[in-house]
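There are 4 protein chains.
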Amino acid sequence: MTLNEKEILDYIDEINLLLEKAYVPYSKFPVAALLIDNNGKKHKGVNVENASFGLTLCAERNAITTAVTENMKKIKVLIVTGKTPEPISPCGACRQVIREFSDKDTVIILTNKDKKYKITSLEELLPYSFGAEDL
Amino acid sequence: MTLNEKEILDYIDEINLLLEKAYVPYSKFPVAALLIDNNGKKHKGVNVENASFGLTLCAERNAITTAVTENMKKIKVLIVTGKTPEPISPCGACRQVIREFSDKDTVIILTNKDKKYKITSLEELLPYSFGAEDL
Amino acid sequence: MTLNEKEILDYIDEINLLLEKAYVPYSKFPVAALLIDNNGKKHKGVNVENASFGLTLCAERNAITTAVTENMKKIKVLIVTGKTPEPISPCGACRQVIREFSDKDTVIILTNKDKKYKITSLEELLPYSFGAEDL
Amino acid sequence: MTLNEKEILDYIDEINLLLEKAYVPYSKFPVAALLIDNNGKKHKGVNVENASFGLTLCAERNAITTAVTENMKKIKVLIVTGKTPEPISPCGACRQVIREFSDKDTVIILTNKDKKYKITSLEELLPYSFGAEDL
Numbered sequence: 001m002t003l004n005e006k007e008i009l010d011y012i013d014e015i016n017l018l019l020e021k022a023y024v025p026y027s028k029f030p031v032a033a034l035l036i037d038n039n040g041k042k043h044k045g046v047n048v049e050n051a052s053f054g055l056t057l058c059a060e061r062n063a064i065t066t067a068v069t070e071n072m073k074k075i076k077v078l079i080v081t082g083k084t085p086e087p088i089s090p091c092g093a094c095r096q097v098i099r100e101f102s103d104k105d106t107v108i109i110l111t112n113k114d115k116k117y118k119i120t121s122l123e124e125l126l127p128y129s130f131g132a133e134d135l
Numbered sequence: 001m002t003l004n005e006k007e008i009l010d011y012i013d014e015i016n017l018l019l020e021k022a023y024v025p026y027s028k029f030p031v032a033a034l035l036i037d038n039n040g041k042k043h044k045g046v047n048v049e050n051a052s053f054g055l056t057l058c059a060e061r062n063a064i065t066t067a068v069t070e071n072m073k074k075i076k077v078l079i080v081t082g083k084t085p086e087p088i089s090p091c092g093a094c095r096q097v098i099r100e101f102s103d104k105d106t107v108i109i110l111t112n113k114d115k116k117y118k119i120t121s122l123e124e125l126l127p128y129s130f131g132a133e134d135l
Numbered sequence: 001m002t003l004n005e006k007e008i009l010d011y012i013d014e015i016n017l018l019l020e021k022a023y024v025p026y027s028k029f030p031v032a033a034l035l036i037d038n039n040g041k042k043h044k045g046v047n048v049e050n051a052s053f054g055l056t057l058c059a060e061r062n063a064i065t066t067a068v069t070e071n072m073k074k075i076k077v078l079i080v081t082g083k084t085p086e087p088i089s090p091c092g093a094c095r096q097v098i099r100e101f102s103d104k105d106t107v108i109i110l111t112n113k114d115k116k117y118k119i120t121s122l123e124e125l126l127p128y129s130f131g132a133e134d135l
Numbered sequence: 001m002t003l004n005e006k007e008i009l010d011y012i013d014e015i016n017l018l019l020e021k022a023y024v025p026y027s028k029f030p031v032a033a034l035l036i037d038n039n040g041k042k043h044k045g046v047n048v049e050n051a052s053f054g055l056t057l058c059a060e061r062n063a064i065t066t067a068v069t070e071n072m073k074k075i076k077v078l079i080v081t082g083k084t085p086e087p088i089s090p091c092g093a094c095r096q097v098i099r100e101f102s103d104k105d106t107v108i109i110l111t112n113k114d115k116k117y118k119i120t121s122l123e124e125l126l127p128y129s130f131g132a133e134d135l
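Those protein sequence lines, which keep their order, are chains A, B, C and D.
Take the first sequence: its position 124, counted from the start at 1, is 124 in my numbering, and no numbers get skipped.
Take the second sequence: its position 115, counted from the start at 1, is 115 in my numbering, and no numbers get skipped.
Take the third sequence: its position 63, counted from the start at 1, is 63 in my numbering, and no numbers get skipped.
Take the fourth sequence: its position 132, counted from the start at 1, is 132 in my numbering, and no numbers get skipped.
If you are wondering where the hints come from, they were derived from the structure by calculation, not from laboratory data.
Be careful, since some hints might not be right.
The list that follows gives simulated cross-link-like pairs (lysine-lysine, BS3-like), each with its CA atoms no further than 27 Å apart [what the hints assert, rightly or not]:
hint, chain 1, residue 1, chain 2, residue 2
1, D, K73, C, K113
2, D, K73, C, K41
3, B, K42, A, K42
4, C, K21, D, K118
5, C, K83, A, K28
6, B, K28, A, K76
7, D, K104, C, K74
8, D, K42, A, K104
9, A, K21, B, K28
10, B, K28, B, K115
11, B, K83, D, K28
12, C, K21, D, K73
13, C, K104, D, K21
14, D, K28, B, K28
15, A, K73, B, K76
Since this is a predicted model, take the numbers as computed values, not measurements.
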């Protein structure tokens with residue numbers, strides 16, 4: 001899927017607003033994600049923390065699992081933002097969950113509150129990856 | 001929040017249909033959840049598995065994190081279903097995440113494909129619980 | 001397995017010392033656990049946090065997974081401590097993992113830095129639980 | 001830390017034996033890991049599954065959290081094995097946890113039951129990574 005620069009910047013505006021919905025009482029570190037699925041449908045997610053830190057869910061995985069509930073089969077575009085000085089990068093756990101629902105054409109866009117962005121791919125973020133075909 | 005029996009059975013019909021959206025290639029064990037939040041808004045979730053089993057997200061937590069993205073502050077009702085012979089019960093991790101967003105009035109309904117159901121509460125499911133006030 | 005009060009207090013001394021090994025740069029909330037397995041062997045664990053909060057592992061699960069590596073089949077006794085004013089209680093995720101390796105005789109002891117303790121059981125901590133037999 | 005080929009093959013023999021300790025009733029997919037820490041001490045781990053799939057812990061994270069309990073500050077060498085035809089690769093979650101305890105010199109060795117192996121690094125496995133300095 002190809003997005004032009006205006007589309008990318010509009011989506012980034014949209015998720016930067018979403019940052020305020022993040023539930024981050026422990027880290028005070030909000031993250032938001034927007035996903036466009038194989039049906040062209042948009043899904044969103046924020047990070048949701050827990051008093052038992054290990055039960056925290058990242059924004060990217062929140063968006064992906066929301067999308068699966070609504071019939072998503074493949075991620076076309078996933079955009080992630082945070083209040084970091086540079087474009088925020090997904091943690092390894094999120095990269096693995098993206099892996100489950102992506103293909104060679106999946107576009108991953110890392111950005112931040114200042115709309116600085118970097119376009120990347122799962123192959124770049126999770127090389128030599130483990131997946132269902134290994135089981 | 002009080003639901004009458006007809007409302008409960010209608011919601012159960014709704015999530016039993018949702019079971020087919022679960023992404024369960026590894027366990028073949030679909031679970032679905034429906035949440036009504038403090039704004040009266042409905043949110044849904046299914047379980048979403050991963051080739052790295054530990055990155056699986058349960059249906060209940062999927063519904064809760066979806067709801068948080070859409071402004072949920074408290075869970076009023078959470079209904080969970082599965083293809084089990086008896087009403088399905090949330091795992092401990094889900095109970096802890098419910099704990100983060102519930103209060104004394106939160107109603108938890110466990111059910112199954114046969115619409116057999118059991119009304120319970122977090123206090124019953126997670127007694128002597130750990131939470132934010134312990135940190 | 002039955003422990004007398006002196007044995008319990010000695011174990012509590014041992015894990016209160018272990019609290020300093022916890023890796024808790026984000027929460028500053030150390031927890032430690034000690035497990036006695038079906039072979040009478042002792043295993044220990046502390047909580048280990050991660051910059052991606054969701055990848056944090058609790059002390060109880062650390063002790064249990066360490067024990068499994070060393071041949072544990074059943075938990076006989078699990079003792080958990082923290083710097084809380086009251087005996088610390090395991091999160092729901094840990095209760096579920098204890099469930100996988102416990103039976104009716106498993107003793108769970110919750111304690112704290114002041115050696116105040118409470119003896120409990122999985123049945124009390126995780127009633128109406130979900131397990132392998134439901135799959 | 002530099003290991004010669006004989007040392008590597010001896011360690012691989014050691015963890016291939018460890019595969020039988022994995023607790024994998026659901027996936028039947030055993031994984032084992034061996035870690036050498038900054039003190040030269042060895043630690044081991046196997047994957048430990050759970051009826052609630054999301055509470056599964058991978059072998060690598062089991063070894064790392066066991067090591068932290070015993071004073072590990074940095075991972076010098078981490079070796080991972082499985083019954084895969086090619087050297088097994090850590091999931092994204094494990095890569096993120098390795099990231100928390102590694103530096104430029106950390107050596108990661110991926111191998112399998114046939115002792116085929118590949119020497120790699122965290123930089124290769126988790127490029128453009130997220131970590132504590134982003135928080």
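**B:K42 paired with A:K42 [C-alpha distance capped at 27 Å]** = holds (18 Å)
**Item:** Holds or violated: A:K73 to B:K76, with C-alpha atoms at most 27 Å apart
**Value:** violated (30 Å)
**Prompt:** Would the pair B:K28 and A:K76 pass a check requiring their Cα atoms to be no farther apart than 27 Å?
**Reply:** Holds, at roughly 26 Å.
**Prompt:** Regarding the pair C:K21 and D:K73, is the alpha-carbon distance no greater than 27 Å?
**Reply:** Satisfied, since the Cα-Cα distance of roughly 10 Å is no more than 27 Å.
**Item:** Holds or violated: C:K104 to D:K21, with C-alpha atoms at most 27 Å apart
**Value:** holds (24 Å)
**Prompt:** Are the Cα atoms of D:K28 and B:K28 separated by 27 Å or less?
**Reply:** Since the Cα atoms of D:K28 and B:K28 sit roughly 15 Å apart, the hinted pair holds (cutoff 27 Å).
**Request:** For the pair supplied as a hint, C:K21 and D:K118, confirm whether the alpha-carbon distance does not exceed 27 Å.
**Result:** Status violated; Cα separation ~32 Å.
**Prompt:** Is the hinted pair B:K83 and D:K28 satisfied, with a Cα-Cα distance of at most 27 Å?
**Reply:** holds (23 Å)
**Asked** Are the Cα atoms of B:K28 and B:K115 separated by 27 Å or less?
**Response** Given that 27 Å is the threshold and the Cα spacing comes to 20 Å, the pair holds.
**Asked** If you draw a straight line from the CA of A:K21 to the CA of B:K28, is it 27 Å or shorter?
**Response** violated (33 Å)
**Message:** Check the hint pairing D:K73 with C:K41 against an upper bound of 27 Å on the C-alpha distance.
**Reply:** holds (26 Å)
**Request:** For the pair supplied as a hint, D:K42 and A:K104, confirm whether the alpha-carbon distance does not exceed 27 Å.
**Result:** violated (39 Å)
Taken one by one, the earlier hints fail for this structure at numbers 4, 7, 8, 9 and 15, listed in ascending order.
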